[in-house]
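Trainee: Please model the complete structure; the sequences and the hints are all you need to start from.
Here's the letter readout for the chains.
Protein chains: 2
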Amino acid sequence: MSQTIVAVDAMGGDNAPLEIVKGAVEAVQENANIKVLLYGIEDQVKKELAKYKYNEAQIQVVHKPEVIATEEPPVQAVRTKKESSMVGCMYAVKNGEADGLVTAGSSGACLVGGQIIVGRIKGVERSPFASLIPTEKGFSLLLDCGANVDARPNHIVQFAQMGSVYMENIMGVKNPSVGLVNIGAEEEKGNALVKETMPVLKEAPNINFVGSCEARDIPAGYCDVVVAEAFVGNVILKMYEGVGLTVRKIIKKGLMSNLRSKIGGFLIKPALKESMKAFDAAKYGGAPMLGLKGLVVKTHGNAKAEEVKNSIFQVVSFKEMEINDKIRRGLCLEEK
Amino acid sequence: MSQTIVAVDAMGGDNAPLEIVKGAVEAVQENANIKVLLYGIEDQVKKELAKYKYNEAQIQVVHKPEVIATEEPPVQAVRTKKESSMVGCMYAVKNGEADGLVTAGSSGACLVGGQIIVGRIKGVERSPFASLIPTEKGFSLLLDCGANVDARPNHIVQFAQMGSVYMENIMGVKNPSVGLVNIGAEEEKGNALVKETMPVLKEAPNINFVGSCEARDIPAGYCDVVVAEAFVGNVILKMYEGVGLTVRKIIKKGLMSNLRSKIGGFLIKPALKESMKAFDAAKYGGAPMLGLKGLVVKTHGNAKAEEVKNSIFQVVSFKEMEINDKIRRGLCLEEK
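So the sequences go chain by chain: A and B. Position 143, counted from 1, in the first sequence is what my numbering calls 145; the numbers after and before it change by one each time, with no gaps. Position 37, counted from 1, in the second sequence is what my numbering calls 39; the numbers after and before it change by one each time, with no gaps.
Note that these hints are calculated values from the structure, not bench results. Check each hint, because a few of them may be wrong.
[Claimed, not checked] Derived BS3-like pairs (lysine-lysine); straight-line CA-CA distance at most 25 angstroms:
no., chain 1, residue 1, chain 2, residue 2
1, A, K251, A, K139
2, A, K285, B, K251
3, B, K49, B, K271
4, A, K275, B, K264
[Stated by the list, open to error] Now the in silico label distances, taken between C-beta atoms and shown as ranges:
no., chain 1, residue 1, chain 2, residue 2, range
5, A, C334, B, K279, 39 to 47 angstroms
6, B, P75, A, C334, 29 to 37 angstroms
7, B, F268, A, Q78, 36 to 44 angstroms
8, B, C334, A, K124, 52 to 60 angstroms
9, A, K255, B, D16, 46 to 54 angstroms
10, A, D45, B, M173, 40 to 48 angstroms
11, B, D16, A, V202, 27 to 35 angstroms
12, B, K139, A, E336, 53 to 61 angstroms
13, B, I265, A, C334, 55 to 63 angstroms
14, B, D152, A, N156, 13 to 21 angstroms
Everything numeric in this text was worked out from a predicted model, so none of it was measured. For every residue, glycine included, the Cβ atom is placed at its ideal position computed from N, Cα and C.
Mentor: Here it is in structure tokens:
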């Protein structure tokens, strides 16, 4: 199998370049069939690289003097900072020098750059952020998690089709079920967009549409692919994080409340840690933007090395499973 | 202080009439200054009442032969089932025979009946469902939780003003902070509705607006009043329930995984139960619809007696604190 080349934004995110470089090193240590292009300020990146032993042929540093900050207006940042690490990665994918890219930097810049630099597959109207979310049954794919607000019904249909390809091929879920987020199971419920989208999804080819999915049922694993307009999708993703964090904090506080519970807390720690791993998204990598000419993976801003490594592996699976060819077929688009 | 009269829909919800009647009895047992009008099928309601000892002058059964089922189309149900328990309660409030009503029945019918039978305060454009949601700091008020999809900016401003009155007067939070749900803290983020609403909220009188509130920060208690368009608000509420439930299930599973964790689980049980009480919405009662001529409280469909009782007490606070007069002032409306 041919080598996968992954462009990695070494300067993006809260833990850059330290955790990003570490993740890249761990990825090449685990998989000899990857090459990582590390975009960033050369001496900073090389200083981090010097800490590790790895096959030097697998990592190449590409000097980019600029960095896009999280708070910068995305469109302007992507347009003016041509010499930034993130824009460098984008051009690498656009020019076919890399199969995909991984960044922990500004979501906004990542979205804008993905759409205007990397570019969409011909026929894909919007490129959604997708995210694997943990459920009682394993995981579901939620999209759009925040890329395209104010979507139209046909966009959501394409999200459903692309999400189905991803779940079936990358995650190995046969004939994944697709649900549209709604505020009730009844046919007449929903806002204008949902009411308009529902019949179009019912008729759409290449998806196993099961109808409305109430937000309450998402964590239970009601369907494999959860589609929503981006504002709603982002709220769902953030509620996952927020409620999960708060419940854990409250439990911890409870455990520290007296001696009996402290002892109990000590005894349950290993089992609890094990079962809470199910709620750790890092093992799946980052959020893929689907429908672009290469895979763009946005990790959390606070991503650690493990998430970066797994995001690099996402690009590998994406290439090896020929996802974009399958997306073209799923969306009934002409071949490239 | 004058007696508060509460109309209670004895036939609504999964546990009707058993838990509803029980909740009504507990309410009058705890507070001698309430009168409950129990609307429902007389012999069924009386059979339940016969189980308890209470001051009979405080509960009056009003016979209504019809029941609105959850799955009925709301507008039609409210229009045609004039002799239903829920519609009976609505007319009691409209006609001034009750200060408010409590129902665990169909949300849709409750919303429709609230708007077209009970009626809005003059000048209130939409009546939101509000819900107290638990946070790390205590609780926040989320509105609209699902009453008015496809809202306009001026509706959301009124939600913020009504929510502030409720939090300040019923929950005792001084100068409550108000946040608008958004998908990022940056000024330029959001969908069309949010971008349009933001400047209007900034200029709105009688609220302490603090800007965007990311969904992730809601469970941490970022602001006291969380306003959102109804579809988003409903998704937030349902994610609370769903994620909370799933995290608890996963923890329970973890605790049962081996002998050590089972013993630990036994030891932490009382402390955990205590701290998880923070996530139990029942102690706050149900979701109030604000801006109507009387208070309409929608409890969960699966509400037990405690939630029903506390919902009845919500109506009492509502009356005693003269919330509607304060809402008129908060919204700068003319006096009635």
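Trainee: Hint by hint, note whether the structure agrees.
Mentor: Hint by hint, here is what the structure shows:
1. Proposed proximity of K251 (chain A) and K139 (chain A) is supported: the alpha carbons are some 24 angstroms apart, at most 25 angstroms.
2. For the suggested pair K285 (chain A) and K251 (chain B), the alpha carbons sit about 21 angstroms apart, so the restraint of at most 25 angstroms is met.
3. A hinted pair counts as satisfied when its Cα atoms are at most 25 angstroms apart, and K49 (chain B) with K271 (chain B) does not qualify at roughly 37 angstroms.
4. Under the criterion of a C-alpha separation no larger than 25 angstroms, the hint pairing K275 (chain A) with K264 (chain B) is consistent with the structure, at around 14 angstroms.
5. For C334 (chain A) and K279 (chain B), the hinted distance range of 39 to 47 angstroms is not satisfied, since their beta carbons lie about 53 angstroms from each other.
6. As the Cβ distance of P75 (chain B) to C334 (chain A) is approximately 36 angstroms, the hint placing it in 29 to 37 angstroms holds.
7. Separated by about 59 angstroms at the C-beta atoms, F268 (chain B) and Q78 (chain A) break the suggested range of 36 to 44 angstroms.
8. Hint check: C334 (chain B) to K124 (chain A), Cβ distance near 54 angstroms, so the stated range 52 to 60 angstroms holds.
9. About 32 angstroms separates the C-beta atoms of K255 (chain A) and D16 (chain B), a value inconsistent with the hinted range of 46 to 54 angstroms.
10. At about 56 angstroms, the CB distance of D45 (chain A) to M173 (chain B) disagrees with the hint of 40 to 48 angstroms.
11. Taking the beta carbon of each, D16 (chain B) and V202 (chain A) are about 34 angstroms apart, inside 27 to 35 angstroms as hinted.
12. At roughly 55 angstroms, the beta carbons of K139 (chain B) and E336 (chain A) sit within the given window of 53 to 61 angstroms.
13. Judged by the Cβ atoms, the range 55 to 63 angstroms given for I265 (chain B) and C334 (chain A) holds: they are separated by roughly 58 angstroms.
14. For D152 (chain B) paired with N156 (chain A), a C-beta distance near 20 angstroms keeps the hint of 13 to 21 angstroms intact.
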